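Listed here are the chains, written in short residue letters.
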Amino acid sequence: MASDDAHTLIQVRDVWKRYGPVSVLKGVSICLRAGQIHALLGGNGAGKSTLMKVIAGLVSPNDGTVVIGGERLERPSAAKAQRLGLYLVPQEAHIFGNQTVLENICMGLAKSPSQLRSRVIELIKQLSVSLDLDAQAATLEIADRQIVEILRGLVRQARVLILDEPTSALTPHEVEALFARMRALAAKGVGIFFISHKLREIREICHDISVLRDGAIVLSGALGDYGDDQIVTAMTRAGTGASPAASTAVNAAKGEARLVIDNLSGEGFRSVSLSLSGGEIAGLAGVVGAGRTELAETVFGLRRAHGGSISLDGKVLDKRAPARCVDAGLVYLPEDRQQYGLFLDAPLYWNASSYLMHKLPFMLSPKREREAFSRFRDAMDIKCESAEQPARRLSGGNQQKVLLAKCLAAKPKVLILDEPTRGVDVAARNDIYALVRTLAAEGVAILLISSDFDEIVHLSDRILVMAFGELEGTLPAGSSVDAIGKLAFGAREHAHV
Amino acid sequence: MFELFARNRVASLFAITILTFGIIGAAAPGFLSGNTIAVVMANSLVLMLISFGTMLVIITRNIDVSSGSVLGLSAAVLGLALNAGISLPLAIGLCVLVGAAAGALNGALVAGLGVPSIVATLGTLGLYRGLMLTLTGGRWIEALPQSIKSLASNLGWGGSVLTIIVLLVFAGLWFFLRRTRSGGYFFAVGDNREAARHLGIPARWIEFSAFVGAGACAALAGVVFAAQIGFIPNQAGNGIELKAIAANVLGGVSLLGGVGSAVGVFISVIFLTAIDSALVFLRIPAFWNDFIAGAILLSVLMLDGRIRLALDKRIRAKRYAIGHGGQNAKPASKEKAAESLHVSSEATR
Amino acid sequence: MKRLVLRWEAVLVLILILEFVVFGLINPRFLNPSNLLYGTSDFIHIGIVAVPLTLVIIGGGIDVSFASLVGLCAIVFGVANFFGVPLPLSILAALAAGVCAGAMNAAIIHFSKIQPLVVTLGSLYLFGGAATVLSGAVGAGGYEGIGNFPGIFTEFGYLEVFGIPAMLILFVIMALIFIVLLHFTRFGRSVYLVGQSENAARYSGLPVERIQTVTYLLTGLCAAIAGLMLSSYFGSARVDLGTATLLPAITAAVLGGASIYGGQGSVLGTVIAVFVIGFLQQGLQMAGVPSQVSSALSGGLLVGVVALRLGSAMLAGFVARGNKAMAARSRPIVEEKIK
Chain P
50 MASDDAHTLI QVRDVWKRYG PVSVLKGVSI CLRAGQIHAL LGGNGAGKST LMKVIAGLVS
110 PNDGTVVIGG ERLERPSAAK AQRLGLYLVP QEAHIFGNQT VLENICMGLA KSPSQLRSRV
170 IELIKQLSVS LDLDAQAATL EIADRQIVEI LRGLVRQARV LILDEPTSAL TPHEVEALFA
230 RMRALAAKGV GIFFISHKLR EIREICHDIS VLRDGAIVLS GALGDYGDDQ IVTAMTRAGT
290 GASPAASTAV NAAKGEARLV IDNLSGEGFR SVSLSLSGGE IAGLAGVVGA GRTELAETVF
350 GLRRAHGGSI SLDGKVLDKR APARCVDAGL VYLPEDRQQY GLFLDAPLYW NASSYLMHKL
410 PFMLSPKRER EAFSRFRDAM DIKCESAEQP ARRLSGGNQQ KVLLAKCLAA KPKVLILDEP
470 TRGVDVAARN DIYALVRTLA AEGVAILLIS SDFDEIVHLS DRILVMAFGE LEGTLPAGSS
530 VDAIGKLAFG AREHAHV
Chain L
1452 MFELFARNRV ASLFAITILT FGIIGAAAPG FLSGNTIAVV MANSLVLMLI SFGTMLVIIT
1512 RNIDVSSGSV LGLSAAVLGL ALNAGISLPL AIGLCVLVGA AAGALNGALV AGLGVPSIVA
1572 TLGTLGLYRG LMLTLTGGRW IEALPQSIKS LASNLGWGGS VLTIIVLLVF AGLWFFLRRT
1632 RSGGYFFAVG DNREAARHLG IPARWIEFSA FVGAGACAAL AGVVFAAQIG FIPNQAGNGI
1692 ELKAIAANVL GGVSLLGGVG SAVGVFISVI FLTAIDSALV FLRIPAFWND FIAGAILLSV
1752 LMLDGRIRLA LDKRIRAKRY AIGHGGQNAK PASKEKAAES LHVSSEATR
Chain W
9 MKRLVLRWEA VLVLILILEF VVFGLINPRF LNPSNLLYGT SDFIHIGIVA VPLTLVIIGG
69 GIDVSFASLV GLCAIVFGVA NFFGVPLPLS ILAALAAGVC AGAMNAAIIH FSKIQPLVVT
129 LGSLYLFGGA ATVLSGAVGA GGYEGIGNFP GIFTEFGYLE VFGIPAMLIL FVIMALIFIV
189 LLHFTRFGRS VYLVGQSENA ARYSGLPVER IQTVTYLLTG LCAAIAGLML SSYFGSARVD
249 LGTATLLPAI TAAVLGGASI YGGQGSVLGT VIAVFVIGFL QQGLQMAGVP SQVSSALSGG
309 LLVGVVALRL GSAMLAGFVA RGNKAMAARS RPIVEEKIK
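Residue numbers (the numbering used here), protein chains in the order written: chain P, 50 to 546; chain L, 1452 to 1800; chain W, 9 to 347.
Source of the hints: derived by calculation from the structure; they are not laboratory data.
Treat the hints with care, as some may be off.
To be verified - For the chain P half of the interface with chain L, some residues (derived, Cβ under 7 Å), not all of them:
hint	residue
1	Gln-131
2	His-143
3	Phe-145
4	Asn-147
5	Met-156
As the list claims (entries may be wrong) - Simulated crosslink set (DSS-like; lysine-lysine; CA at most 27 Å straight-line):
hint	chain 1	residue 1	chain 2	residue 2
6	P	Lys-129	P	Lys-237
7	P	Lys-160	P	Lys-174
8	P	Lys-535	P	Lys-462
9	P	Lys-416	P	Lys-432
10	P	Lys-364	P	Lys-432
11	P	Lys-368	L	Lys-1764
12	P	Lys-535	W	Lys-121
13	W	Lys-121	L	Lys-1764
14	P	Lys-129	P	Lys-75
Note that the coordinates shown come from a computational prediction; the quantities given were computed from them, not determined experimentally.
Every residue gets a Cβ at the ideal spot worked out from N, C-alpha and C, and that includes glycine.
This is chain P alone, in the form it adopts within the complex (with noise of 0.2 Å):
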């Protein structure tokens, strides 16, 4: 029994989560104080969120027990949760897409929404945010939509507020209003854990710091005894740590202009015009909203375009449609796995040959299907049971590979990949890394999309950054994060100073 004194709000002790095979939480503790604002760092399948799934009643841990001011959460709900005075603001918000503004704030809560109207008022005001109470929430924008959640956990008045990346939709000057807000609340006693990527953000406004890799806390303790190498490398240890110079030297083969894209528009961008070669890794950096997915998108025949053309191999690509673009050789890995690049539920090698289903025979032969997934299989080293197996059933990173296996059994000529490591582990991400190289070192013409500066420094041979819908400019490899960034945010003192 640690330190259970009054001031412990929340005592978390060696709590594991399992789902299937794959271990998210191995045996992790962590304590929050009264006033205290605690950052909690960790790169993406670090496993914060599941923990803080866990501490607010959501998920329940196959191990370990979780104390919240002194009662522990035997049946972890989230009703009793919120009871205990805890409230978890997610890191997407939880919306009621029918109902009123006000309505959503107040939902749950014993008070009728009129007369909590004019407390929402007042704390809409505190957080200098302008939102419209009767608005239908259906039509609100993401950065609306989480004030509407961090107002929910405000006007609970909660002991415990949890934090799941909160800024990461906000402006800078709602940032600065919520942290005002935060530090005040902490001041009156309530402990906050805050989620962030953002070193900055967490060294203006926490004072203790816990940092998870793989599911287990490698560092804790107070703030302002680490410096921020310390806490990088804590965070990132074994992960992609090789210097960028090291791995742009080669760009050997450099062929023809495969993929042209001249003057497109589209829903989300506009105006812009690209060129592919054979071989080349053109890496499109850029925040998330920038236009790159919609571009994709729209490229793949997903989407329709406003005007502008693409060609490949000089051959102008027009009535676009995914079927036809793959026949062309111009193959599209999605950035959402689970929700469009895979069949969950179907067996693997139907997923591999997902993508050219057109062009089986009409009676099929599921034994050559599966011996062309085994080919794949072995080549990336994919670690499942069989062929049959649901693709549900595998880790991140192997359901990765499934999908790039569907990708490459199009065999493409230009491939666009989104987000090829999102919610991938260490390990696959190299394989993917050396797989992508491969690629290029064969003529294939990459489109690597990132919102992962250093995997986008990483691999590409040049480097182009789109901003609020435009190509914002082109950095040779090699280029630094910081050029990278400035770039990507920079758009907006064009559009503003």
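We have chain P already, so just place chains L and W on it with the hints.
Positioned in the frame of chain P, the structure of chains L and W alone reads:
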């Protein structure tokens, strides 16, 4: 025009109903009389109650196709109890209890075991009908005592005790859904179950209660049925579940959950019943009824669907409108925060 | 996944054998082969519509309009026959009506993007109404039948080939065609893929609308076949010929392993389930159980079996995850488990 229709579904349905009454009245003078309205009201009572119950279930994003059989089963219990000499209030109480129990079984299957609601209620549709027939031995229950039949007698203003009961249910339901916290939970669970869970709303319990409510409503419909008809045939309530779903859809209750109002259902049931009555009045052969009902339902659905698509498109266009000034401010400023040092490998995710 | 499906079909066969044993013990006449064979004529039309319906459900849709479409197609045939159209043409007209109705369903679903359940509910009324209107037009009115079919047509209902009812043979052939179509062809694979994830299917370049449309067309066609078979069997075309097939057919598909969420199911499972349901009714009848009670039992069977399936999946979950994890199980996990 589009948006007006979509936003004020209830109002537009009301307007259409009035318009329909007007047109029929113009075509056949004499249709618009107090008598007609009383007849339409009386004819709509059974469907009204079933539709209210179904609405509760649909709002929570489930479906109930067993309500016709629940009506039959509870009406049979009522009839048998009455003919065995049990007093009317007690028999009605028993009847409603049976309906609620039937609904509870549905709810347990759906909310407890996680059986898809259409499958569960499809099964109980057969089950309850069979139970009813087992109870009655396959015979019609006739010679119901006068006490129950008198419930349906005109009180002098065109309505009966039954009308009052239904109007009370209507008012109660409206108040519950619009004015109470638990009522709001029904919409929340149907709108976004995960979000509801996140906010500590007992989603399973809510779903369960919706089915119990639907069962109780179906039982009340059974009481009305028995009182109006005076006997209980084997097929009592057969097929009414589909009509009730149609009435709900017409009344603006979304099968995707989270949207609907008692007023909309009320008007749509009146509308559907009025069309039946009007056909009789216009001396259109009765065999046109289903055809016209189906055609109306499908046209409304198509119109509704197209409107929703158009609205979606507009919202989408708005979201992607990259112009200068106002619209741009949000996406632009959104990213300012991300200037901070990127320590992790997935920076802005 | 395949292994699990196969196991489920094995369970259905076991249930079927259990029925034979129990009813055979109650009434040995039940097991009389010719009794069993001819008994199928009373319910085989359920299978005729349940099999294509399985495809619709696997493809992520649902169709309830077949119940009145059976009657409509029968009436179309009856009316054509009434006006002296030659028999082959009348049959063709009925089949065409079925296909058109299916096309209409598919068109409205894709045009309005409204849930298939609602759309086909509307067309359930529309088709039923159209059938009534049509039969009224030739003076048959209401629910009276249209009769006076050529002898050769009415004989089909009682025709036997090598001692086996022709209708049963027709069903078996149809089932075989559908088994090949669903489980061995590109089209069948596409149906599964579309049902499992419409998004992923669209991103993979599959013609989602076209695939779903074909499943509705097939259902329309088969509803017409069922209507013709019933007209032949009863010697008259009636509006309400198919109304009683609605629930048994959906029950058969679900009992056979089709997931109402799409992406899962098998033709073989549905076929076995049709026999399970059909023989249950008949066995109960022969055992002297009133026909009313048997409907309760078949409803109970559906609920029981599906609950059993979910229950066993949950039990497996308990074993695998331990009590603690299950305490907070949510429905998605359970659903995922069934698959």
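Quick rundown of the hints versus the structure:
no., hint, verdict
1, Gln-131, "4 Å, holds"
2, His-143, "3 Å, holds"
3, Phe-145, "4 Å, holds"
4, Asn-147, "5 Å, holds"
5, Met-156, "5 Å, holds"
6, P:Lys-129 - P:Lys-237, "23 Å, holds"
7, P:Lys-160 - P:Lys-174, "21 Å, holds"
8, P:Lys-535 - P:Lys-462, "32 Å, violated"
9, P:Lys-416 - P:Lys-432, "20 Å, holds"
10, P:Lys-364 - P:Lys-432, "39 Å, violated"
11, P:Lys-368 - L:Lys-1764, "21 Å, holds"
12, P:Lys-535 - W:Lys-121, "43 Å, violated"
13, W:Lys-121 - L:Lys-1764, "13 Å, holds"
14, P:Lys-129 - P:Lys-75, "25 Å, holds"
The earlier numbered hints that this structure contradicts are 8, 10, 12.
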